[in-house]
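Here is what each chain is made of, one letter per residue.
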Amino acid sequence: MICVTIAPLARGYAKHVTTPTAHPHNLAATLRRLLFFALAAAALVAVLASCDTPLTTFEPRSDAAQRVHTIYIFVIVAASIVGFLVLAAMAYILWKYRERPGHTAQQIHGNTTLEITWTVIPILILVAIAIPTIVWIAGTTAEPDEDALHIEAVGHQWWFEFRYAGLGPDGGDLVTANELRIPVGRQVAITLEAKDVIHSFWVPQLVGKTDMVPGRTNILEKFTATEIGTFYGQCAEFCGSAHALMRFRVHVDSHADFDRWVDSMNAEPEEPVAGSVEASGARVFGNFCARCHTIYGVSTEEIGPNLTLFGDRATVGAGILDSTPENVKAWVADIRSIKPVLDTTDAMPTFYVGDPDVDQLTEAQVDQVVAYLKSLKLR
Amino acid sequence: MQYLSGIDDHRTSTGLDNRKMLMWAFLGSDVMFFGTLIGTHLIYRNRNLSGPQEEILSIPITTISTFVLLMSSLAMVLALAGIQRGNMGQFRFWTAIVCIFGSIFIGFQMFEFTEFAAHYGLTPRTNLFGSTFLVMTGFHGTHVAVGILWLWSILFASYKGKIHQGNSLQVEIAGLYWHFVDIVWIVIFGVVYLIGAYGAEGRALEDAHHAARAVGIG
Amino acid sequence: MAANIGILKRPVSTEGVWGWITTVDHKRIGILYGVSAFIFFLIGGIEALLMRVQLAQPESTFVDAGTFNALFTMHGTTMVFMVVMPAGAAFFNFLVPLMIGARDVAFPRLNALSYWLFIFGAILMNFSFFKAAFPDVGWFGYAPLTTSEYTLSSSTDYWVLGLQIMGIGTTAAGFNFVITILNMRAPGMTLMRMPLFPWMTLIVSFLIIFAFPPLTIALTLLLFDRFFGTNFFDTAGAGADPLLWQHLFWIFGHPEVYILILPAMGIVSDVLPTFSRKPLFGYTTVVFAGAVIAFLGFGVWAHHMFTTGLGAWATAAFAGATMAIGVPTGVKVFNWLATLWGGSIQFKTPLLFALGFISMFMLGGLSGVMHAAVPVDTQQQDTYFIVAHFHYVLFGGSIFGLTAGIYYWFPKMTGRMLSERIGKWHFWLMFIGFNATFMPMHILGVLGMPRRVYTYSIDQNWAGLNLFVSIGAFIIAISIALLIVNIVRSVRKGEVAGMNPWAGATLEWAIPSPPPHYNFAMIPTVRSQHPLWDEEANAVEPPPLPEHGEPHMPDPSYWPIVVAFGITMVAGGLLIWQATTWVGLFVIAVSGFIGIRGIYGWVFEPVAEESAERVHAHH
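Residue numbers (this note's numbering), protein chains in the order written: chain A, 1 to 379; chain B, 1 to 218; chain C, 1 to 619.
Read the hints as simulated data drawn from the structure, not as lab findings.
Derived SDA-like pairs (lysine to any residue); straight-line CA-CA distance at most 25 angstroms: (1) B:Lys20 with C:Leu110; (2) B:Lys160 with B:Val146; (3) B:Lys162 with C:Gly595; (4) C:Lys424 with A:Ile93; (5) C:Lys348 with C:Ile432; (6) C:Lys424 with A:Ala91; (7) C:Lys348 with C:Ala503; (8) A:Lys195 with C:Ala236; (9) A:Lys329 with A:Ala274; (10) A:Lys195 with A:Val341; (11) C:Lys424 with A:Glu99; (12) B:Lys20 with C:Ile523; (13) A:Lys195 with A:Ala347; (14) A:Lys377 with A:Gly166; (15) C:Lys348 with C:Ala477; (16) B:Lys20 with C:Trp602; (17) B:Lys160 with C:Trp602; (18) A:Lys195 with B:Arg125; (19) B:Lys162 with C:Met553; (20) C:Lys348 with A:Ile108; (21) B:Lys20 with C:Thr190; (22) C:Lys348 with A:Met90; (23) A:Lys222 with A:Ile131; (24) A:Lys195 with A:Pro169; (25) A:Lys222 with A:Asp259; (26) C:Lys348 with A:Ala91; (27) A:Lys222 with A:Glu59; (28) C:Lys424 with A:Ala89; (29) A:Lys195 with C:Arg452; (30) C:Lys348 with A:Tyr97; (31) C:Lys424 with A:Ala105; (32) A:Lys96 with C:Lys348; (33) C:Lys348 with A:Thr104; (34) C:Lys131 with C:Leu152; (35) A:Lys377 with A:Asp367; (36) B:Lys20 with C:Leu182.
Make the full structure from the sequences, and use the hints.
Printed below as a string of structure tokens:
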């Protein structure tokens with residue numbers, strides 16, 4: 001609960017320092033700021049573990065994450081006990097044998113029995129940790145369930161592509177990007193690939209990370225989500241300038257919702273009403289965006305993320321911004337103001353910055369295409 | 001503790017000369033150097049997407065160049081024996097032979113490289129085999145070339161009286177290096193040429209069997 | 001006799017700047033290493049502070065993504081290659097000959113070459129800041145991100161070439177210290193009578209000799225890919241395997257971890273007996289534990305790659321090997337505690353830092369065991385938990401250990417004591433700041449904060465902890481300022497130390513502080529592991545010296561810096577070649593000539609002038 005009060009505080013603080021007018025001009029302000037630092041420091045350490053942190057590794061929501069979590073807790077407890085005992089022993093020795101009048105050092109050179117003892121004890125502790133580790137590793141080699149959902153995840157600089165084998169148009173792959181949808185209670189078997197450099201697939205609450213390596217196909221640990229909800233994912237291998245902004249979401253749906261989504265993805269999108277903003281947007285999309293983006297039934301290029309049912313996505317820009325019309329507009333107009341994207345051939349162009357030399361679209365056209373994209377919704 | 005009588009003490013703890021030990025340490029390090037290069041080559045075997053690979057290696061020609069390099073090691077032994085006995089004539093003759101045989105080996109290598117480039121279009125940029133093979137053997141060739149330069153310098157210095165029976169250790173150290181470079185080549189010849197080309201032949205045979213079966217004659 | 005030296009007359013003076021440039025005295029080279037390492041420590045520290053300012057709040061715009069990536073790349077590269085390694089080398093140089101009873105290292109000029117290659121390589125890499133930008137590919141430069149396809153700027157070329165040059169220097173130093181320690185020990189000092197610091201130096205030197213070639217090759221392959229279009233890391237075009245880089249890098253990289261920590265273990269093993277007033281407990285065990293750690297260190301590299309898809313059984317094998325390395329490490333900790341047991345413990349500043357080392361390093365070791373458990377590693381890899389872990393090992397371990405060494409041996413190096421009062425303030429501030437900085441990082445890692453992110457969003461709720469961490473980082477900075485004050489003040493006004501201010505037992509305390517350039521007027525003979533305590537436990541004075549003359553020492557030389565300059569400028573020529581081909585080729589040709597000329601000059605220059613014949617005959 002304290003968390004609820006802390007989070008806005010942090011947010012307020014962030015605003016406080018980023019707003020130019022809020023810079024401290026006098027001693028009082030400086031002192032206030034120092035006081036704030038001190039208070040924040042003292043308060044936050046105590047409470048943050050209880051906060052709502054969507055990437056936490058300590059609230060497993062799948063069978064796989066739960067298995068890892070159990071071992072995690074075991075090693076933390078084991079390591080903490082050892083650490084505490086050694087530190088306590090050290091403190092005792094330092095106090096007992098401190099230099100003081102009438103006390104001289106005993107000239108001891110060693111003791112074989114003791115040394116053998118403290119060689120054997122760590123071995124026993126490490127064997128105790130090794131056993132669940134090896135059992136777990138053996139478990140990862142199991143074949144996926146008969147009815148497992150097979151997905152191929154592909155890392156790109158700096159977004160995620162997800163391909164559902166056999167669920168797409170004409171029995172091909174069903175492709176989506178940056179927001180993975182899976183059904184609750186059904187095993188998911190994901191293979192990992194990369195288009196350019198090494199990335200890593202990680203959804204802490206559902207499954208530990210495995211790298212996406214170009215030229216290799218890696219197998220993610222199979223997992224079955226145990227709770228409906230939305231979970232955060234993040235690229236966990238440094239992959240260039242925008243690595244920090246390569247995130248994604250996993251929506252765990254009920255079976256019915258998942259099936260409805262698959263059907264909707266495969267259905268032809270509705271034609272926008274003639275003369276509407278969306279209709280103009282569809283034309284802009286066809287002339288510009290369709291060069292790189294697929295919308296099933298509209299376009300087929302796969303250079304950029306698949307945008308089918310974009311209107312239902314929670315985020316834009318690989319999980320970094322809420323998909324509000326303003327954010328989508330900012331993204332379409334000038335991607336580089338949001339993400340440090342390189343000017344490579346596959347990178348999205350800058351469409352509108354109000355400079356005729358750069359602009360490929362007018363502001364009105366950007367608004368139209370945003371309206372069109374937001375209209376692509378589940379039916 | 002006590003003190004040693006006398007001001008300067010130049011005995012070493014092991015009795016081995018520092019410089020000889022330095023050469024041994026360097027060679028130990030060089031084992032890792034070539035081990036890594038050969039390992040890289042082996043890891044990338046059969047990963048080529050296109051272009052020539054091991055089947056272009058010529059065992060007969062390389063056997064000759066390997067033999068020449070082996071003989072240079074023999075000459076090195078005789079050269080060292082010469083200077084250690086104070087026989088400068090023997091030392092100079094065999095040192096020259098080492099350099100000449102080493103140069104012949106380099107000649108074979110240059111022939112091989114140009115042949116691969118001319119006939120198969122193989123350069124370090126062509127494919128993985130081109131990169132790993134040429135860089136690995138190129139580094140070995142560079143080691144041989146450095147050895148030749150070193151031995152020429154020693155030969156030259158011996159005419160100026162700077163190399164003589166009293167410091168034959170200089171020759172011994174150069175000889176250690178030379179034998180090592182020779183041994184590395186034996187490993188490359190065995191692992192890369194013999195096993196590699198044999199493997200390539202084996203694969204070719206297998207391919208032929210498959211092809212034969214495919215057309216119904218196998 | 002100077003006829004064969006050519007254009008450069010042999011330097012005769014050991015005074016002034018030229019005296020330092022041409023020096024071959026191991027103690028001066030040690031000081032050069034130490035001062036350079038400290039300057040880079042400040043640079044790397046500033047890089048860390050800038051990162052902490054950026055991360056103190058969510059969605060900060062203090063620096064942009066490219067700058068942040070450059071900061072963490074250079075922070076890591078600087079701290080590993082330009083701080084902890086040369087700081088270790090500073091102690092190797094200054095102390096190993098003193099501790100084994102030698103007048104110099106085995107190859108004094110090679111020693112100077114090592115230093116000049118290190119400093120030129122470091123300068124070359126940092127020079128990228130003025131030419132392009134700082135390298136921004138991470139300190140372990142994973143291919144294919146580092147290939148020219150994905151790294152458009154030339155900053156990566158500076159990174160590769162700078163590391164390569166520093167690596168050559170380091171390898172040369174490795175040879176030098178292996179031979180110095182095996183061959184230059186005073187009469188009676190068997191290997192099993194050596195103090196722990198030379199022992200750990202010997203082990204580290206072997207690690208350097210065997211671990212650096214794989215890095216050299218990896219960098220060479222990457223260099224050839226970037227400069228000449230080879231295919232070693234071209235995944236898309238040629239089918240290369242990006243994991244090749246990771247294997248080669250970590251075959252180097254894991255022994256490197258022990259290269260960074262073993263010198264600190266050696267220092268602590270020598271500091272503890274002095275301030276407990278009793279010998280090291282289980283000397284043989286501590287020595288062999290160090291050797292076993294080094295040996296196993298070559299067999300655990302793939303634990304950096306548990307999440308890369310190595311396959312189940314390779315993963316299991318490396319997990320087992322990694323856990324095994326925890327055993328000798330644990331044994332060392334227990335032996336250190338047993339050394340304190342039964343002692344009469346004097347809480348002087350060097351001991352405080354040594355105790356800081358033991359406790360913090362042990363915590364780092366325990367968190368290391370956690371991610372040896374592979375399932376746990378899938379949640380910890382590349383998060384702040386890992387950042388916390390290796391800072392406990394490398395800061396809590398190496399830096400605390402090296403700082404213990406500074407306080408312990410500063411009197412020997414300068415002849416004056418550091419202030420105990422400032423020293424204690426320094427220790428407690430650094431200890432508190434260190435834990436404030438790195439302890440919460442464990443929690444951040446548990447809460448899922450990935451490494452190497454320049455920003456994070458508000459809804460992650462990592463802001464408070466990050467702010468706390470950043471404050472901790474500035475506390476560390478204040479403690480380092482105190483160290484500077486202490487050094488600057490004590491060099492001029494510190495209490496005069498005398499020969500053996502701590503009543504230490506090892507040979508370096510048997511000679512004046514600072515030592516004369518020949519170290520030992522008479523070479524001592526040794527009967528035990530603690531020669532000064534032979535007659536009487538905790539004795540202070542060595543036996544009186546008989547009448548003696550002045551020993552003859554190697555003369556200074558220009559050639560080491562000339563050769564280092566030639567090698568560095570060949571790399572510079574390669575960089576110019578990227579931009580303007582013929583200018584580059586010209587620079588390569590000229591500097592190649594300088595380098596080779598330098599080697600010939602070196603070879604035909606006698607070690608010491610007047611007595612060339614005598615030295616000759618000896619060798």
